[in-house]
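These protein sequence lines are chains C and D, in that order. Residue numbering for the first sequence follows the numbering used here, beginning at 177 and increasing consecutively. Residue numbering for the second sequence follows the numbering used here, beginning at 623 and increasing consecutively.
Source of the hints: derived by calculation from the structure; they are not laboratory data. Keep in mind the model is a prediction, meaning the values are calculated, not measured. Possibly wrong hints are sitting among the right ones.
To be verified - Pairs of lysine-lysine, DSBU-like flavour, derived with a Cα cap of 35 Å: (1) 236/C / 711/D; (2) 709/D / 304/C; (3) 639/D / 722/D; (4) 178/C / 732/D; (5) 722/D / 305/C; (6) 807/D / 785/D; (7) 179/C / 264/C.
The residues making up each chain are set out below.
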Amino acid sequence: MKKVVIMGCGRTGSWLANILDAAGHSVTVMDVDAYSFRRLSPDFKGKALVGNGIDQEALKKAGIEEAEVFIAVTQGDNRNIMAAQMAKHIFNVPRVICRIYDPLRQEIYQTLGLETISPTTIFADMLKKRVEG
Amino acid sequence: MYIVIVGGGGVGYYLAKALLEEGHEVLIIEQNRTIATTINDELGGICTRGDGCEVTTLVEAGVSRADMFVAVTGEDQHNLVACQLAKTKFKVPRTIARIKNPKNEGLFKKLGIDVTISGTNVILEHITESVPTHPLTHLMDIPDRGLEVVEVRIPASSGSIGKMVKDLSLPGGSMLSLIIRKGQKPVIPLPTTVLMAGDQVIAVTSSETEEALRAALSAK
Numbered sequence: 177m178k179k180v181v182i183m184g185c186g187r188t189g190s191w192l193a194n195i196l197d198a199a200g201h202s203v204t205v206m207d208v209d210a211y212s213f214r215r216l217s218p219d220f221k222g223k224a225l226v227g228n229g230i231d232q233e234a235l236k237k238a239g240i241e242e243a244e245v246f247i248a249v250t251q252g253d254n255r256n257i258m259a260a261q262m263a264k265h266i267f268n269v270p271r272v273i274c275r276i277y278d279p280l281r282q283e284i285y286q287t288l289g290l291e292t293i294s295p296t297t298i299f300a301d302m303l304k305k306r307v308e309g
Numbered sequence: 623m624y625i626v627i628v629g630g631g632g633v634g635y636y637l638a639k640a641l642l643e644e645g646h647e648v649l650i651i652e653q654n655r656t657i658a659t660t661i662n663d664e665l666g667g668i669c670t671r672g673d674g675c676e677v678t679t680l681v682e683a684g685v686s687r688a689d690m691f692v693a694v695t696g697e698d699q700h701n702l703v704a705c706q707l708a709k710t711k712f713k714v715p716r717t718i719a720r721i722k723n724p725k726n727e728g729l730f731k732k733l734g735i736d737v738t739i740s741g742t743n744v745i746l747e748h749i750t751e752s753v754p755t756h757p758l759t760h761l762m763d764i765p766d767r768g769l770e771v772v773e774v775r776i777p778a779s780s781g782s783i784g785k786m787v788k789d790l791s792l793p794g795g796s797m798l799s800l801i802i803r804k805g806q807k808p809v810i811p812l813p814t815t816v817l818m819a820g821d822q823v824i825a826v827t828s829s830e831t832e833e834a835l836r837a838a839l840s841a842k
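Full structure from sequences and hints, please.
Dropping the structure here:
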């Protein structure tokens, strides 16, 4: 069981929150727009919190200080980058994962020591394999 | 100096204008087409349209030869990322970020941004001081006397903070003439005047004792 804070309750964030919650983890999901919580399953037992993930106070309210994992999956690359670095360098969260759509920025922040994922390159690689296969 | 500014809003516009008047080479990166066009019409082709957080835009802007990189969009996260890219990818020696939330200052510093501030004037001060990291600015020479008037800004880390003027080990031949303190009228320092962080001290010194004066006022 892990304590996970997810920033961004869009398609990815809500899906992740639902499956982590179903798997028995303790999940808090944040979003600036309460309307996005409609995507959470009726069975979701975690916490849903309106708040801006690049605000240290909001992160504290979400329990960032006790979190074992922080995941930044808002639509904004820069927002994710800033929140992830806050979680890592201010709150010393043991595991921080950051989505960055822009492959160039993803590469740079990966070399800066952030754990980053670019859905863009992953999906493009998948498509390339299908084209070639 | 070649100075790249990200964000062509109010701050970016007037900053660019002032820097151009001082003879610097300036480029603004602005995403909004209308704003970019206005800047180019009014300030003369110094604005490129693009995202200041995109590596390709920064390459086109020649950021790798920039002496200074200033991010003044209205969003802290954009200013952070733009400056981090300028610093780590393009090795710009000095990066300045505007911040809206003062609580972000610590994070920005930790992540290597050289200066964080929230206003055009403050940015200008940092750029116009010829050696920005040096807290002593040369104001004028007094000809034939070998004397000069200098300004020393008391850094937050200075060991002189909280000390009275009479207890400072000032070099002979130098004299504190004026203290300018935020929100107060300038005062002539008395022996019992206590120095505070951020004080601007105007002093008369000889060129030989300039370094000792700087050390007495701003060293840790």
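Quick rundown of the hints versus the structure:
Distance hint between residue 236/C and residue 711/D is fulfilled; the C-alpha atoms sit about 32 Å from each other, no more than 35 Å. Simply put, residue 709/D and residue 304/C have alpha-carbon atoms about 34 Å apart, close enough for the 35 Å limit, and the pair holds. Among the hinted pairs, residue 639/D with residue 722/D is consistent with the structure: their alpha-carbon atoms are about 22 Å apart, no more than 35 Å. This hinted pair checks out: residue 178/C and residue 732/D have alpha carbons roughly 28 Å apart, not beyond 35 Å.
This hinted pair does not check out: residue 722/D and residue 305/C have alpha carbons roughly 45 Å apart, beyond 35 Å. A distance of roughly 20 Å separates the Cα atoms of residue 807/D and residue 785/D; the hinted pair therefore holds under the 35 Å criterion. A C-alpha spacing of about 15 Å is found between residue 179/C and residue 264/C, which places the hinted pair at or below 35 Å, so the restraint holds.
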